[in-house]
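Read in order, the letters of the sequence shown correspond to residues -20 to -1, 1 to 427 in mature numbering (1 follows the signal peptide of the UniProt record, and there is no 0).
Don't read these hints as lab results, they were simulated from the structure.
Think of the CB as a built atom: it goes at the ideal place given N, C-alpha and C, for glycine as much as any other residue.
Don't take every hint at face value.
The following label-pair restraints were derived from C-beta to C-beta distances [as the list claims (entries may be wrong)]:
#: 1; residue 1: F362; residue 2: I300; range: 36 to 44 Å
#: 2; residue 1: I304; residue 2: D271; range: 37 to 45 Å
#: 3; residue 1: Q167; residue 2: F362; range: 46 to 54 Å
Calculated cross-link-like contacts (lysine to aspartate or glutamate; reagent style DMTMM-like; alpha-carbon spacing at most 25 Å) [unchecked claim]:
#: 4; residue 1: K273; residue 2: E241
#: 5; residue 1: K238; residue 2: D296
#: 6; residue 1: K238; residue 2: E174
#: 7; residue 1: K217; residue 2: D296
#: 8; residue 1: K116; residue 2: D103
#: 9; residue 1: K273; residue 2: D354
#: 10; residue 1: K217; residue 2: D271
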Amino acid sequence: MGACLGACSVLSCASCLCGSAPCILCGCCPSSRNSTVSRLIFTFFLFLGVLVSIIMLSPGVESQLHKLPWACEEGARTPLVRLSHIDCSSLLGQRAVYRMCFATAAFFFLFTLLMLFVRSSRDPRAAIQNGFWFFKFLIFVGITVGAFYIPDGSFSNIWFYFGVVGSFIFILIQLTLLIDFAHSWNQHWLGNAEERDSRAWYAGLFSFTLLFYSLSIAAVTLLFIYYTQPGACSEGKAFISLNLTLCVCVSIISVLPKVQEAQPNSGLLQASAVTLYTMFVTWLALSNVPDQKCNPHFDNGTALTGPEGYVTQWWDAPSIVGLIVFILCTLFISVRSSDHWQVNSLMRTEECPPIAEATQQQEEAGRAYDNEQDGVTYSYSFFHFCLVLASLHTMMTLTNWYRPGEARRMISTWTAVWVKICASWAGLLLYLWTLVAPLLLPNRDFS
């Protein structure tokens, strides 16, 4: 009897790893949507790549690799080892990050193309999206191993510009999620205040609005103190002043009577959140200014090379905070509700279909149930494309947006500064459009 139960357990695990149903939840886990479990697992693949990149950036990793004669020494003893020899410098520093993130981006780009125009779980490709995790992991590992055999040459220089463009788009996606979340937050709390006739909800909105604006003012003050100098750093002063002026303008526009009439859910809460995020992006931009007088985080490259080879020290404050914001944004994309929040409009193709009776029985059993038989709750292809952009954003964040140079050195350039500043301006224009669009296009429904 025990042998039968063991065999059934093995078969069940095999079906979970190789089949089309994500039944990897344990019996004590709450029931979850098929779509949510799949997004979480794909996000785990992304975070696994981030973790490997961070490990390859850690001090002391290179010295440990050079202690392995079968991996790094030129004088390998057997022809097989000489044939499979890998330059250890490609396993370290920015070169390792570029290859790891290339593999991650290639993996998700493959699924971006594969999942085009999937409309429901009845499509055979939906089974690939929601199952076969063991084979996906093998594909991911295979692409990763192959990426480390890419000849150095001009690969890093070319892939740097791919990272710049992808990271620029991902910053805009972050701001889009923030705007939609702030709109939904404001609408939800205002609705509670009207339904329950309680001023506590209004007090909460006012408190968070005041907090966000206070943090923004503090950020502007600190930026002027640490990233500008008297008689110097004119570019930094211009960027801070211009972004502050633009934030004040959009805040005023958000409370104009005509804007409030056309869009009652607009208000200072959204404007304060956008202002705080704009100051955050401005901080990230100024942290890449290639001038030691104007940038306390600037490194001319001497700290990036050591006696044993290449070591990248990316763990300064802007990079750490940027990585945390990236992780929170990616998790938000993965675990967001499929039924309520307005942010779903970014990736949802159809309304969430009603749960059938069989699905409700699966839900009661505490398993992942298929909620996409009548229509997908999010665009599979666009979700994977977002993870492609997230991989590129990870690469730029971990390398602090430094451009690969000669002699395995990283060079700080104005490219990263202008990309981030332009992203902050584009984000403000996007938020401004959400305010004035109902006035310019009164015949369209922006609800």
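Results of checking the hints against the structure:
| no. | hint | result |
| --- | --- | --- |
| 1 | F362 <-> I300: 36 to 44 Å | violated (29 Å) |
| 2 | I304 <-> D271: 37 to 45 Å | violated (26 Å) |
| 3 | Q167 <-> F362: 46 to 54 Å | violated (24 Å) |
| 4 | K273 <-> E241 | violated (48 Å) |
| 5 | K238 <-> D296 | violated (44 Å) |
| 6 | K238 <-> E174 | holds (22 Å) |
| 7 | K217 <-> D296 | holds (22 Å) |
| 8 | K116 <-> D103 | holds (19 Å) |
| 9 | K273 <-> D354 | violated (60 Å) |
| 10 | K217 <-> D271 | holds (14 Å) |
Hints 1, 2, 3, 4, 5 and 9 from the earlier list are contradicted by this structure; the remaining hints agree with it.
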